[in-house]
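Protein chains in written order, with the numbering used here: chain A, 1 to 142; chain B, 143 to 410.
Treat the hints loosely; a few may be bogus.
Unchecked claim - Under the rule of at most 30 Å between Cα atoms (straight-line distance), these lysine-lysine pairs were calculated in the DSS-like manner:
(1) A:K122 - B:K315
(2) A:K133 - A:K122
(3) B:K315 - A:K80
(4) B:K319 - A:K80
(5) B:K334 - B:K319
(6) B:K334 - B:K405
(7) B:K405 - A:K122
(8) A:K122 - B:K334
(9) A:K47 - B:K315
(10) A:K80 - A:K47
(11) B:K327 - B:K315
No wet-lab data here; the hints were simulated from the structure.
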Amino acid sequence: MTFLLNSCLDIFDLRARTKTLDQDLGLLQAIDERLAAYGWLTNTGIKFIIVVDMMGRPPPPDEDKRRFPAVVGLRDADLKPAFRAVQTAYIQLMLNPFYSPDDRTPLQIANYGGQSPEITSKRFINELQRIGKVWAPGVANI
Amino acid sequence: MATITTTSSPDTFLLDAASSALVNISCFDLLLIELVPLAERMARSFEASLDKPAPAPSSAASTTSAPTTGAQTTSTKPPSSASAAPLPPTTTTTTSTSTSTSTTTATNGTATPLGTSMGGALTLAADGLPETDIFRDSVYVRLERLGFRVGEGLSERFSRDRPRFTDQLDVIKFLCKDLWTVVFKKQIDNLKTNHRGVFVLTDSRFRPFSRMSMANPAEAVARAQPHLYFPCGIIRGVLSSLGIKATVQAETTELPAATFQIKTHSAK
């Protein structure tokens, strides 16, 4: 998974040069028939990657099937609300005075033995998991 | 009659949208201004805590030198090893000289700025105590770092729905127009650049300074200088999170005005 994410970073660089208008970078790469990586680059240089499993998931049994018609393809715009929600979550994290982004400088990472310290905020993780659960193609806002 | 109505109904005063916004802004202004005395108090206590450990290393060194003297006494106890006896004293002397130099440097660190300020114009900080280098630096570092963190958060929050920044000038404009409006309720009045990485922002009515005045204008300017550290940090934080490494200096020559000079590092 880390290899996949790292391979996306190069595409980020390429896209950021060509696509200067929006934060949404669209489909970065399709790894195989199942997985597809979508990217979002904020103005502050923060990169978000969402990897979508194209197999989909079984619909909840109590829901009407007509409400969620079978999706064939995925448009880039479908992921916009998800990325917006992720960005909102990240902004909330940044506005938390107890979160210190300075712990993530390259020097610190080197001190941690090459491993970048992950974001451990429980609220942020929960929010991301919620976004992952709620999102489906066509959902306008999360 | 009007005074009775205003004093008797504070609730309606607070509920009124316009005046509550005014209260908000005033509170925020007060907070911005109050940050500086807070940092100064913390710097004072930091300075005091620096003064206290200055004897502490010497005492610790004396305790470390005490075993060596004890070793010396134990070594002198067996009278046969007379050649071993001169060695420990040399070690004790080296340690004692090192401690003495450390203490002198420690005292120098606090005393020389005092002496220079005494020799000079005797600059006093806001609390009436003499302004030392340690004090000034620790106030600066503290406020600047706070501002840096705030600036990072602000830029994350307010650059969200903007199109991507194309160049440095774009970022600086964003800082002058949008962020300055957010923080100080007005835009930067004047922006100058040499197009080689140096930007000079002038705010002719800098909001924290709007109500500051003293009988002696020069003293007021000196007293107002620490209030520029936090905005400096904000600017640096915003720029760094938007991808520009820069040093920011601020100064004021006449009170309601403030000048910020931004030197970006990429354009050396």
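Outcome of the hint check:
no.: 1; hint: A:K122 - B:K315; in the structure: violated (36 Å)
no.: 2; hint: A:K133 - A:K122; in the structure: holds (16 Å)
no.: 3; hint: B:K315 - A:K80; in the structure: holds (27 Å)
no.: 4; hint: B:K319 - A:K80; in the structure: holds (27 Å)
no.: 5; hint: B:K334 - B:K319; in the structure: holds (14 Å)
no.: 6; hint: B:K334 - B:K405; in the structure: holds (12 Å)
no.: 7; hint: B:K405 - A:K122; in the structure: violated (39 Å)
no.: 8; hint: A:K122 - B:K334; in the structure: violated (45 Å)
no.: 9; hint: A:K47 - B:K315; in the structure: holds (24 Å)
no.: 10; hint: A:K80 - A:K47; in the structure: holds (14 Å)
no.: 11; hint: B:K327 - B:K315; in the structure: holds (15 Å)
Comparing the model with each earlier hint shows violations of hints 1, 7 and 8; every other hint is respected.
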